[in-house]
Structure formats: C-alpha cells, structure tokens
Amino acid sequence: MNRVRLLIHRLLRRPSITGPMRFHTRQLPDGVLLDLEDYFLHVVTTITDDPEALALLLEIAEDRGISREHDGWEPERLLMERLIVLVGHEIPVRGKALARLAARLTAAIPAAPLPIPAPREATA
Numbered sequence: 529m530n531r532v533r534l535l536i537h538r539l540l541r542r543p544s545i546t547g548p549m550r551f552h553t554r555q556l557p558d559g560v561l562l563d564l565e566d567y568f569l570h571v572v573t574t575i576t577d578d579p580e581a582l583a584l585l586l587e588i589a590e591d592r593g594i595s596r597e598h599d600g601w602e603p604e605r606l607l608m609e610r611l612i613v614l615v616g617h618e619i620p621v622r623g624k625a626l627a628r629l630a631a632r633l634t635a636a637i638p639a640a641p642l643p644i645p646a647p648r649e650a651t652a
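Under my numbering, the residues of the sequence shown are numbered 529 to 652, in order.
Misleading hints may appear alongside valid ones.
Computed beta-carbon distance windows for the label pairs [as the list claims (entries may be wrong)]:
1) E587 / I637: 41 to 47 Å
2) Q555 / L606: 34 to 40 Å
3) K624 / I594: 47 to 53 Å
4) H570 / E590: 23 to 29 Å
5) P557 / G616: 28 to 34 Å
6) K624 / D577: 28 to 34 Å
7) E609 / H570: 16 to 22 Å
8) L569 / I594: 25 to 31 Å
9) L606 / V560: 29 to 35 Å
10) G593 / A631: 41 to 47 Å
11) P620 / E580: 22 to 28 Å
12) R592 / L633: 20 to 26 Å
13) T634 / A583: 40 to 46 Å
What the hints contain is simulated information worked out from the structure, not anything from laboratory work. Think of the CB as a built atom: it goes at the ideal place given N, C-alpha and C, for glycine as much as any other residue.
Please put together the full structure from these sequences, using the hints given.
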C-alpha cells in the first residue's frame, strides 16, 4: 500500500530537486518526509560496480558478525568511514532547486507545535 501511495505521489507532484540527483518531499502532519531513492540507487550501484567498495562492504559485514560476540566492540567504524568516502554522503542542492526545497520545508512547519504526551506513571 505504501509503495502505491509513493508512486501516486511521484506521478502527481514534481520532485523538489531534479538535478543532479532527484529527491521528493512529502508533507507529514508534523514535518516532511525526504524521499532519497535516487541517492540510494547511486550508493548501491557505486558499491556493486566498484570492487574496492564491495570488498569494504563485505569486510564490514564480516566484522559486524564477529563483533556481535563481544561487548561494545565496533571494528567496522573505520571501514565504514572509508566506504563513505568512496560512495559519498552529500547531495548538492543549488540555485532555484535550493529555493524550491526551502519553500517546501518552510511550508511543512506545523502552525502550532504538536503536544507532547505526558509520561505515563508506572502502575504497581
């Protein structure tokens, strides 16, 4: 059902950012949802096409499997940083696209803050 809603949303609304990497925004009652599917596809394609990136990902997966047996040991952190350098983690937004994104994000700010529910008291 969510996939159908997402497809309808994409057909009826233009993306917030069209280049160099498209992404959509969808209004939520208390904010906005950023749809970064094109960036995700870029990441997966980069990892699968680059043997060094794929080797890093496999090494991270292996280290995470080993680290589950130890308390708080995260040896994959440095490997993750190297993978991020290879794949990238930023999406450039420039010019008119930046103004459109700013307008959509500003429009998504709720008029009145949503009430935060009071914490429940523990019952005996």
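CB of E587 to CB of I637, is that within 41 to 47 Å? Given range 41 to 47 Å: holds, Cβ gap about 42 Å.
Does 29 to 35 Å hold as the CB distance between L606 and V560, or does it fail? holds (33 Å)
Range agreement (Cβ of E590 with Cβ of H570, hint 23 to 29 Å): With Cβ atoms ~24 Å apart, the hint holds.
For the range 16 to 22 Å, tell me whether the beta carbons of E609 and H570 fit it or not. Holds: the Cβ-Cβ distance is about 19 Å, inside 16 to 22 Å.
Within 40 to 46 Å or not, the Cβ separation of T634 and A583? holds (43 Å)
Between P620 and E580, does the C-beta distance stay in 22 to 28 Å? holds (24 Å)
Are K624 and D577 spaced within 28 to 34 Å by their CB atoms? Check passed, 31 Å falls within 28 to 34 Å.
Falls inside 41 to 47 Å, the C-beta gap from G593 to A631? holds (46 Å)
Measuring from beta carbon to beta carbon, are Q555 and L606 in 34 to 40 Å? With Cβ atoms ~39 Å apart, the hint holds.
Confirm or reject the claim that P557 and G616 have a C-beta distance inside 28 to 34 Å. holds (32 Å)
Within 20 to 26 Å: is that where the Cβ-Cβ distance between R592 and L633 falls? violated (34 Å)
Measuring from beta carbon to beta carbon, are L569 and I594 in 25 to 31 Å? holds (30 Å)
In terms of the numbered hints stated before, the structure departs from hint 12 and from no other.
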